[in-house]
Amino acid sequence: MEAVARKPGTVTPAGGVKRGPLTFWERVYVVEAARGVWITTVHFFRNMGYHFLHLVGLAKGRQAAVTVQYPEERRYLPPRSRTRHRIVRRDDGSPRCVGCMMCETICPARCIYIVAEEDPDPNIEKRPKRFDIDLGMCVFCGFCVEACPEDAIRMDTQMVDLAAYSRRGMILTLDQLLAGEPAGPVESINALGERVHG
Amino acid sequence: MWMDLAIKAGLAVVMMLIVINIAGIHSWVERKQSAVIQDRWGANRAGFTLNSPLWRWLNPLLRPIIYLGLFQPIADLLKLVAKENWSPVGGMKWLHAVAPFLYLLFAFAGFAAIPFGDTLHVAGRDIALQVASLNVGFVFIFAMAGLGVYGIVLSGVSSNNNYAFLGAVRGVSQMISYEVTLGATVIGIVMVYGSLDMQEIVRGQGALLWGWLPKWGVFVQPLGCILFFTAALAETKRIPFDLPEGESEIIGYFTEYSGTKFGMFLLADFVETVMVAALTTTLFFGGWQFPYLQASGFVFPWGAEVAVGHYAVVAIQVVSFLVKVIAFCWLLMTIRWTLPRFRYDQLMDLGWKRMLPVSLANIALTGLVILLIEAL
Amino acid sequence: MPKLTIDGREVEVAPGTTLIEAARRLAIHIPHYCYHRGLSIAGNCRMCLVEVEGVPKMMIACHTQAADGMVVHTDNDKCREYRAAILEFILVNHPLDCPVCDQAGECKLQNYYMEHGTAGSRVDEDKVKKRAKAKQIGPNIMLDSERCILCSRCVRFTDEITHTHELGITERADHSEITLAPGAWLDNRYAGCVVDLCPVGALTDRDFRFKCRVWYLTAVDSICTGCARGCNITIHVNRDRPHKAGGTRVMRYKPRENPAVNQWWMCDAGRYSYKQIDHERVDSAAVDGRPVAVEQALDASAAALKRAAAAVAVLCATTATNEELFLARALFAGALGGHAAYLAPPQGEQDDLLLLADQSPNTRGAQEILGTEVRDPVGWVKAHGVKAVVVVGEADLTGLKAEVDHLTVIATHPGKAAAQAHVLLPGSVHAEVEGTFTNHAGRVQRLRVAVPPIRGAVETWRLLLELAGRLGHPFDFAFEDDIFAALASQLAPFAGLSHDNLGRRGALLGSGAPQPTEVV
Ligand code: SF4
Ligand code: SF4
Ligand code: SF4
Ligand code: SF4
Ligand code: FES
Numbered sequence: 001m002e003a004v005a006r007k008p009g010t011v012t013p014a015g016g017v018k019r020g021p022l023t024f025w026e027r028v029y030v031v032e033a034a035r036g037v038w039i040t041t042v043h044f045f046r047n048m049g050y051h052f053l054h055l056v057g058l059a060k061g062r063q064a065a066v067t068v069q070y071p072e073e074r075r076y077l078p079p080r081s082r083t084r085h086r087i088v089r090r091d092d093g094s095p096r097c098v099g100c101m102m103c104e105t106i107c108p109a110r111c112i113y114i115v116a117e118e119d120p121d122p123n124i125e126k127r128p129k130r131f132d133i134d135l136g137m138c139v140f141c142g143f144c145v146e147a148c149p150e151d152a153i154r155m156d157t158q159m160v161d162l163a164a165y166s167r168r169g170m171i172l173t174l175d176q177l178l179a180g181e182p183a184g185p186v187e188s189i190n191a192l193g194e195r196v197h198g
Numbered sequence: 001m002w003m004d005l006a007i008k009a010g011l012a013v014v015m016m017l018i019v020i021n022i023a024g025i026h027s028w029v030e031r032k033q034s035a036v037i038q039d040r041w042g043a044n045r046a047g048f049t050l051n052s053p054l055w056r057w058l059n060p061l062l063r064p065i066i067y068l069g070l071f072q073p074i075a076d077l078l079k080l081v082a083k084e085n086w087s088p089v090g091g092m093k094w095l096h097a098v099a100p101f102l103y104l105l106f107a108f109a110g111f112a113a114i115p116f117g118d119t120l121h122v123a124g125r126d127i128a129l130q131v132a133s134l135n136v137g138f139v140f141i142f143a144m145a146g147l148g149v150y151g152i153v154l155s156g157v158s159s160n161n162n163y164a165f166l167g168a169v170r171g172v173s174q175m176i177s178y179e180v181t182l183g184a185t186v187i188g189i190v191m192v193y194g195s196l197d198m199q200e201i202v203r204g205q206g207a208l209l210w211g212w213l214p215k216w217g218v219f220v221q222p223l224g225c226i227l228f229f230t231a232a233l234a235e236t237k238r239i240p241f242d243l244p245e246g247e248s249e250i251i252g253y254f255t256e257y258s259g260t261k262f263g264m265f266l267l268a269d270f271v272e273t274v275m276v277a278a279l280t281t282t283l284f285f286g287g288w289q290f291p292y293l294q295a296s297g298f299v300f301p302w303g304a305e306v307a308v309g310h311y312a313v314v315a316i317q318v319v320s321f322l323v324k325v326i327a328f329c330w331l332l333m334t335i336r337w338t339l340p341r342f343r344y345d346q347l348m349d350l351g352w353k354r355m356l357p358v359s360l361a362n363i364a365l366t367g368l369v370i371l372l373i374e375a376l
Numbered sequence: 001m002p003k004l005t006i007d008g009r010e011v012e013v014a015p016g017t018t019l020i021e022a023a024r025r026l027a028i029h030i031p032h033y034c035y036h037r038g039l040s041i042a043g044n045c046r047m048c049l050v051e052v053e054g055v056p057k058m059m060i061a062c063h064t065q066a067a068d069g070m071v072v073h074t075d076n077d078k079c080r081e082y083r084a085a086i087l088e089f090i091l092v093n094h095p096l097d098c099p100v101c102d103q104a105g106e107c108k109l110q111n112y113y114m115e116h117g118t119a120g121s122r123v124d125e126d127k128v129k130k131r132a133k134a135k136q137i138g139p140n141i142m143l144d145s146e147r148c149i150l151c152s153r154c155v156r157f158t159d160e161i162t163h164t165h166e167l168g169i170t171e172r173a174d175h176s177e178i179t180l181a182p183g184a185w186l187d188n189r190y191a192g193c194v195v196d197l198c199p200v201g202a203l204t205d206r207d208f209r210f211k212c213r214v215w216y217l218t219a220v221d222s223i224c225t226g227c228a229r230g231c232n233i234t235i236h237v238n239r240d241r242p243h244k245a246g247g248t249r250v251m252r253y254k255p256r257e258n259p260a261v262n263q264w265w266m267c268d269a270g271r272y273s274y275k276q277i278d279h280e281r282v283d284s285a286a287v288d289g290r291p292v293a294v295e296q297a298l299d300a301s302a303a304a305l306k307r308a309a310a311a312v313a314v315l316c317a318t319t320a321t322n323e324e325l326f327l328a329r330a331l332f333a334g335a336l337g338g339h340a341a342y343l344a345p346p347q348g349e350q351d352d353l354l355l356l357a358d359q360s361p362n363t364r365g366a367q368e369i370l371g372t373e374v375r376d377p378v379g380w381v382k383a384h385g386v387k388a389v390v391v392v393g394e395a396d397l398t399g400l401k402a403e404v405d406h407l408t409v410i411a412t413h414p415g416k417a418a419a420q421a422h423v424l425l426p427g428s429v430h431a432e433v434e435g436t437f438t439n440h441a442g443r444v445q446r447l448r449v450a451v452p453p454i455r456g457a458v459e460t461w462r463l464l465l466e467l468a469g470r471l472g473h474p475f476d477f478a479f480e481d482d483i484f485a486a487l488a489s490q491l492a493p494f495a496g497l498s499h500d501n502l503g504r505r506g507a508l509l510g511s512g513a514p515q516p517t518e519v520v
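Residue numbers (my numbering), protein chains in the order written: chain A, 1 to 198; chain B, 1 to 376; chain C, 1 to 520.
What the hints contain is simulated information worked out from the structure, not anything from laboratory work. As the structure is a prediction and not an experimental result, all values here were calculated from the model. Mixed in with the good hints, there may be bad ones.
Taking lysine-lysine and the DSBU-like style, the derived pairs with C-alpha atoms no more than 35 angstroms apart in a straight line are [as the list claims (entries may be wrong)]:
no.	chain 1	residue 1	chain 2	residue 2
1	C	K108	C	K78
2	C	K129	A	K129
3	C	K127	C	K108
4	C	K133	A	K60
5	C	K78	A	K129
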């Protein structure tokens, strides 16, 4: 089909932006800059207007700000977002981790500290005696999850409020890691998203 | 003699307070305005609630202040002051400490030559509402702006950080490049009003063109006005010309600063913004002039006259000046939240290959027009 | 002499040489599991299959003797296909244990699989489970039969090298497994060697198990200090994961091949002697039992030695390096005009494989450098009218303190010597310095720095140098090799030797220059 001549910068049906040579006025830039300033100004006054209307109880249906007010409202995180780690438990509650130190080896931030010991069950053989992750150094790359041959470490708690009053406090121990829970099956996470985004 | 000094000192303090306050409020405006533009809330958390039964009734009053984020600048300030006063290992400690002072000092100094009202007659004295009545006012302002470069160079060099150093180099070359255009555009104004004295330039703008249009710089030098404003924007090193700073990505000359010293750079930035607004107002938008307001009162083009007392006239002038400055500050802020950053080669291209030739052409054109008018 | 072609390159070898050895002469590595140069040939793993032109079947390189005119291919498509097939067979019953297996990282199965294996197995039957996983078969050895590839190296070792016959293979086919002989316990003096021999993680060392991953370790050449044999070893150090094993730096010793000394083996006593490097060290100088800075202790010692003038002596334990001994001699017997001697080394058990009765690594060096052996320090001191003594190393010095005005001890561990000292200086162990030991047969062998001196300690040779400086006889030595150079120039048996030309296998005293190192 013959391509329709478009104004440069218009959005094509496929969703891409078609760029053509700039016109003279676009190259002068001042006009475009003024248009830009116009857009931001319009946004400003429109939003300000809504804010004032909201104050007096009007126009509640129109949004003036889309900000999620974080601690009170929580935003839906995609199921694959990398959040605070947890160690998966076996049915009997013991850690699924076998202390193979793959995660410790791959960790680019060198923030995993594992000390392994003999497991009384010879079929398990090895288990972590100490398993610390220093979240103060972690870069949340998720390599540890990728590297784990036992699927024992996951970053699906959806916990992002990680803060402590000391460096020491940023270190998660094995018990804390085992206490982590997955944020639930994907459906319920989606439901959370529905709730937040209406 | 002593009285004169005291009056000048008083004017200086007034000017200083105005500038610092506008600059300080900028940090709040910057947060809140950008938020509203971008459909956000912006700062709405900083603050406190009172628990004592004695003061509890104040809480409802505090709430809107918190909501508007008005405590945020205070919190920012407290944070900056409470931060570690760090100087980089291997850097030049002394220069590192001095650089922000120099920068802020020169940013402030320029305001001395900005008139914010006409002469005030009080108790038999003539008080020029200008800190320093210099007859080479704008040369002084440009000199101060030029000296500001030292703050940047020193901060970059003394930081013992290659990124900071490169940022300083970018900053200096940018400022120097745009100062040329800045100077060239103002020549047009000087030619039109025939003076280097800021007060005289403003007075010149009180005249009327064709009997009805105020003879403001923007009307006689439209091209010069746009060029000047752009070049001045580049002088402030704010978006879209923030290559020397680029806090989050390309890293600028104050990378190694923290705490109060960093705060001074921040403040100097806002002061420069106010400076640009004040200069644009003074040179192109009639300074303290209010349309059709003469020393005796309003004289409208259609012949009507409204007599206004001297103090009221001065008050209107000062307020008019402030309103214009604030409006420009607002525009500068809006631009900062509108345009994307230039690339460095684009920046240099724009400065040297476009704006400089156009501003030179502007001078020639102005000269031609002036000659033509005189010949007629 | 048969002349054959391997991978297009000609080589002439002695009659009876196997193909794997002939290839080795050309630095061609043929993958193998059961073959080991120190053991008899079993030929059971089939990993070493190579193609010999004119022979229809693939031949095992470890057992086929080179013949004149043979044309051998070790790396063509056919060889690679066979290797992949063999690996697939070996892995039929091999568990997916790598995450918990201590061998991972130095496992021949992993390595060859990465190099020659195919992705994925075509066998989807259940793996055969052996009777027990992770079973202790000796004081230091764990056996995991499921990981065993039945190469029989361990069995051959106990049959041929130690002649103790603890191990055997029982059952048949895929139920075969390594078993202890009835009533036996794998506790012979060299049992640890089966762990080194085992190409996979079937035999693991209980001492090393799970302490550290092998890829965290750095290997440094050194010499075992267990006896006068001077077995060649590598020290495995964990340099940058200090949270492992409670901060222990040295994780294990592994024997290093040296045909002239220990072949491929080392005894368990030596193997586990690494523990002393990080365990209970003297970590601070002391004057009369009071901890002080090393400088102060040196000052105190030097002052006391000065008062004694020429009535000084140094007594060195035979754990000191040649360099330290030489420095002691040069300072005390030379510059100060006093006496220098060595303390009689402690004696222990002996066997006919490696272990010698003399339990220190450098007795021969001390004989060459200091000459005089002292069995009774108290009597010796009395006989020579010595007023101040410096002791380097550990010894029983009971009664010595009462005989002399001053006693300085350079010690590494708190012990009988350290307890006696007026001035105690924290010295270094062999893993913390560059240097040399001379073994019982007069072979001078290199030590290399595996770890810096433990916190608080200083290299012993540096302490001696400092002392010399404070006594007004500074030596112009910057590093250990300077000291050795001086030693070689002054003592005839060492002539011609230097740190650089000792190589990895050492050189005999009086040889003038080291023998050329054997081909890999
Ligand atoms: S997410 Fe990345 S940085 Fe964080 S612990 Fe895992 S591997 Fe280390
Ligand atoms: S990779 Fe997995 S099994 Fe291995 S130590 Fe880490 S969490 Fe444990
Ligand atoms: S023996 Fe080798 S292949 Fe087998 S589990 Fe251990 S490391 Fe893995
Ligand atoms: S235990 Fe190791 S050395 Fe012994 S037969 Fe099995 S694989 Fe070979
Ligand atoms: S090495 Fe040749 S058969 Fe095992």
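Hints, verified against the model:
1. C/K108 x C/K78: Holds. C/K108 to C/K78 sits at ~21 angstroms (cutoff 35 angstroms).
2. C/K129 x A/K129: It holds: about 28 angstroms lies between the C-alpha atoms, which stays within 35 angstroms.
3. C/K127 x C/K108: Status holds; Cα separation ~20 angstroms.
4. C/K133 x A/K60: Distance of about 69 angstroms is beyond 35 angstroms: violated.
5. C/K78 x A/K129: violated, 47 angstroms
The structure fails hints 4, 5 (numbered hints given earlier, in ascending order).
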